[in-house]
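Kindly generate the complete structure, drawing on both the sequences and the hints.
In order, the protein sequences belong to chains A and B. Our numbering puts the first residue of the first sequence at 263, with every later residue one more than the last. Our numbering puts the first residue of the second sequence at 263, with every later residue one more than the last.
There may be inaccurate statements among the hints.
Identical chains share a label here; the pair holds if one copy fits it or two copies do between them.
Stated by the list, open to error - Derived lysine-lysine pairs resembling PhoX-like cross-links, with alpha carbons at most 25 Å apart: (1) K290 <-> K405; (2) K615 <-> K290; (3) K609 <-> K500; (4) K581 <-> K405; (5) K581 <-> K500; (6) K628 <-> K609; (7) K405 <-> K609; (8) K290 <-> K628; (9) K628 <-> K615; (10) K500 <-> K534; (11) K615 <-> K581; (12) K630 <-> K615; (13) K534 <-> K405; (14) K630 <-> K290; (15) K500 <-> K630.
Note that these hints are calculated values from the structure, not bench results.
2 protein chains.
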Amino acid sequence: MATLQLASWATNLTYANLTTGVLTAANKSFYNWAGCAIGGFASQPAPQIALNTTLSPFSGPPTSSILGANGSIALGFADAQVAALVNGIASHVDDYDDTHLETIIHPAGPVASALLAIAEAMGPVSGQDFMTAFVAGVEAECKLGLSVYPQHYDVGWHITSTTGSIGAAVAVSKLLRLDTPHTAQAIGIASTQVIGMQVFFGSDTKAFHIGRAAQSGLLAALLAQNGYTSADTALEAKYGWLHVTREKGLDVADVKAIELRVNPEVLVLTGKTAPTTGLEAKFSIYHAAAIGLLYGEATPSQFTDEVVRNSTVVDMRTKVNVTEDEEVPTDAAYVSVEFSDGTTLDKHVEHAKGSLENPLSEAELKTKFMEQVTLAIGEARAERAYEAFTNAGGMEDVGRIRGMY
Amino acid sequence: MATLQLASWATNLTYANLTTGVLTAANKSFYNWAGCAIGGFASQPAPQIALNTTLSPFSGPPTSSILGANGSIALGFADAQVAALVNGIASHVDDYDDTHLETIIHPAGPVASALLAIAEAMGPVSGQDFMTAFVAGVEAECKLGLSVYPQHYDVGWHITSTTGSIGAAVAVSKLLRLDTPHTAQAIGIASTQVIGMQVFFGSDTKAFHIGRAAQSGLLAALLAQNGYTSADTALEAKYGWLHVTREKGLDVADVKAIELRVNPEVLVLTGKTAPTTGLEAKFSIYHAAAIGLLYGEATPSQFTDEVVRNSTVVDMRTKVNVTEDEEVPTDAAYVSVEFSDGTTLDKHVEHAKGSLENPLSEAELKTKFMEQVTLAIGEARAERAYEAFTNAGGMEDVGRIRGMY
Chain A
263 MATLQLASWA
273 TNLTYANLTT
283 GVLTAANKSF
293 YNWAGCAIGG
303 FASQPAPQIA
313 LNTTLSPFSG
323 PPTSSILGAN
333 GSIALGFADA
343 QVAALVNGIA
353 SHVDDYDDTH
363 LETIIHPAGP
373 VASALLAIAE
383 AMGPVSGQDF
393 MTAFVAGVEA
403 ECKLGLSVYP
413 QHYDVGWHIT
423 STTGSIGAAV
433 AVSKLLRLDT
443 PHTAQAIGIA
453 STQVIGMQVF
463 FGSDTKAFHI
473 GRAAQSGLLA
483 ALLAQNGYTS
493 ADTALEAKYG
503 WLHVTREKGL
513 DVADVKAIEL
523 RVNPEVLVLT
533 GKTAPTTGLE
543 AKFSIYHAAA
553 IGLLYGEATP
563 SQFTDEVVRN
573 STVVDMRTKV
583 NVTEDEEVPT
593 DAAYVSVEFS
603 DGTTLDKHVE
613 HAKGSLENPL
623 SEAELKTKFM
633 EQVTLAIGEA
643 RAERAYEAFT
653 NAGGMEDVGR
663 IRGMY
Chain B
263 MATLQLASWA
273 TNLTYANLTT
283 GVLTAANKSF
293 YNWAGCAIGG
303 FASQPAPQIA
313 LNTTLSPFSG
323 PPTSSILGAN
333 GSIALGFADA
343 QVAALVNGIA
353 SHVDDYDDTH
363 LETIIHPAGP
373 VASALLAIAE
383 AMGPVSGQDF
393 MTAFVAGVEA
403 ECKLGLSVYP
413 QHYDVGWHIT
423 STTGSIGAAV
433 AVSKLLRLDT
443 PHTAQAIGIA
453 STQVIGMQVF
463 FGSDTKAFHI
473 GRAAQSGLLA
483 ALLAQNGYTS
493 ADTALEAKYG
503 WLHVTREKGL
513 DVADVKAIEL
523 RVNPEVLVLT
533 GKTAPTTGLE
543 AKFSIYHAAA
553 IGLLYGEATP
563 SQFTDEVVRN
573 STVVDMRTKV
583 NVTEDEEVPT
593 DAAYVSVEFS
603 DGTTLDKHVE
613 HAKGSLENPL
623 SEAELKTKFM
633 EQVTLAIGEA
643 RAERAYEAFT
653 NAGGMEDVGR
663 IRGMY
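Right under this line is the structure:
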């Protein structure tokens, strides 16, 4: 519930909820961040390297300020993604920004760097909306930090940036007025980008953590706004943020079953018993076995939502049982199909198709390529693409591939 | 040594080292990746959401292909950063790309997505150079994977992307002809971006991991090329990639000493005894105590390389001893200065400046802001910036701040 609770709290926060004390603290934190960024840009090479020689060639329309840059060099603007990164670096490069002493988090950097950059790109954003979003992001960072400190820190993570990408995502989601479900997806996409380890303290990379956290959170919120999916148990799930960044996970889950005998790793990867979409079905050995029996092949055509929800397929999946066996190699399987009249059909797959010992032939690989590419751009262009990509190793300029199909 | 060994191996790899078997496998892996990306772009919403509605507004000059996009929509190009991300998503969205069975890594995705995007942006890149870089990146991923598998995987990390950002950095560094020290820095910057947890399997975010790993590795190599520093023990250090992503770190290191008595956390953060640069000195309680005594203040002016290397300061640092004491709160310190005639001066700092109980006053915070900003853009503009940023909470459009100073 942690992910949805955080998302719901942030979605429902209003400016009227903010006490005078909170507003005063937020205001100080924000302008102190700006001072650090403006001063930091001029004081250290890190933000200038990031902006001038590295990211300028990739910047899109210059909607957003690079704090400090218009005081010292010509380029004072960049796209919001680049601005979030560079401002984040600049704001932390002097290690002179605000500190939440209980967790050693510097909360303003990731949140303000993402927020100001996107606020400029979005057009009119009121100070009240901005400060509400800022508070939401900072609160998210510090609450997350409190929930994992000190273990998370003692492992070696740089807690400002590991919580910072999530705080930035919450703040930007708030500014974009995302609802709770979309904010939860943003938290998910942000949390899977775990930025920052302590080995880099004392190098330019420490400040990079803050910029990349800001940028990662911003990207997460924008993706979520546009319908990109993640997981609404991102924080609390066994293989989610809180556990993965703190402790070893447990071993593979238990499973019952009988007709398939496979290596336990198969269930770690593909243990979904009741997939509901084509995407989920790729992680279901039950689905793979069912469609193998029903269709005789396992290509993208058998991993569509339609096929996954087909009642015959659903029915066949419930008949698949899986037994784990350490003795079975990871690329092998024992399959036993029992028919209603008592007949049994046994098959031992020594090496799965695509393994080192049973590779796709040149012809099979071409078939796979052509099937995918023809669907996308038609057969004639697919043939030319095949020629182009198979001959890349002999080209003088691989960049010209795009003109060849 | 792992970081430098990997960097050195990659730097010295030549096309002549690649056997026919390696080249054949690399060629198949590369063109299969292209097929997956071209087909994947058309088959699933994830790469289209990432490109069309999310990243198009931020794309810089369109130097690099979006594989599959020119078959279905108008926009077929983007800047190399965006292309690496979107092609990485598209190449994995069908979970149909190549697999290194021993580690369950899909090696081509992060490496090829970064390489093709930057190769197009760079101008002529020969197929031989391209394939050499591709092999370097894939080998880096799989060797790293073997060194941490299965523990790393069992914790819950998505091993394709956690190793993928490093593989992509190695590959792009190779293409850029970086030397061993610069390649090591690139490995560092890539390794601190730990992308991907298993909770997202079955959602759009799984494929995002591959794209973001590609983009993170590309960015790391470009930053390193331009002199951005990280750590050349990034992989093997106690708080580096191999350990942090696998197990809890140990507790704070032991220290001797007497004149400073502080909470043990102080040494976790600031335990550097002999800093050689201003940046390192910020993580040295020894330096902070020395300059506090010598200068009476601790502002950015006392954290320059010059001050850090000043012989009087160096000498004073060696006279500082630190004792850990769990009973001392994290924001407090006991300082005892003993003079050569036997006189002792004792000071108990109850709450450090900047802590909740001893905050900077409005005036002190303004002084801090002005000091930083004046250095960057002069006093008159700094005053205007102070006005603008302190009043952000009342603005109708925070985006207009940039025009106000």
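Structure-based check of all given hints:
1. With identical chains, the CA atoms of K290 and K405 are at most 25 Å apart within one copy only, with a shortest distance of 20 Å there and 48 Å across copies.
2. Within a single copy, K615 and K290 get their C-alpha atoms only as close as 61 Å, which misses the 25 Å cut-off; across copies the closest is 15 Å, which meets it.
3. For a Cα distance limit of 25 Å, the shortest separation of K609 from K500 qualifies neither inside one copy, at 35 Å, nor across copies, at 48 Å.
4. Neither within a single protomer nor between protomers do K581 and K405 lie at most 25 Å apart by alpha-carbon distance, with minima of 46 Å and 39 Å respectively.
5. In this assembly of identical chains, the alpha carbons of K581 and K500 never lie at most 25 Å apart, being 28 Å within a copy and 49 Å across copies at closest.
6. In this homomeric assembly, K628 and K609 never come within 25 Å of each other (Cα to Cα): the closest approach is 27 Å inside a single copy and 77 Å across copies.
7. In this assembly of identical chains, the alpha carbons of K405 and K609 never lie at most 25 Å apart, being 54 Å within a copy and 34 Å across copies at closest.
8. Taking CA atoms no more than 25 Å apart as the test, K290 paired with K628 passes between copies only; the shortest distance there is 10 Å, against 61 Å inside one copy.
9. Proximity of K628 and K615 under a CA criterion of 25 Å is satisfied intra-copy only: 15 Å inside one chain copy versus 67 Å between copies.
10. With identical chains, the CA atoms of K500 and K534 are at most 25 Å apart within one copy only, with a shortest distance of 15 Å there and 36 Å across copies.
11. Only within a single protomer do K615 and K581 lie at most 25 Å apart by alpha-carbon distance; the minimum there is 24 Å, versus 68 Å between protomers.
12. In this assembly of identical chains, the alpha carbons of K630 and K615 lie at most 25 Å apart only when taken from the same copy (13 Å versus 65 Å across copies).
13. Proximity of K534 and K405 under a CA criterion of 25 Å is satisfied in neither setting, with 32 Å inside one chain copy and 29 Å between copies.
14. Taking the closest pair of Cα atoms, K630 and K290 come within 25 Å of each other only across two copies (12 Å); inside a single copy the shortest separation is 59 Å, beyond that limit.
15. For the identical chains of this complex, K500 and K630 are neighbours neither inside a copy (35 Å) nor across copies (44 Å), given an alpha-carbon limit of 25 Å.
Going down the numbered hints, you'll see the structure goes against 3, 4, 5, 6, 7, 13 and 15, while the others check out.
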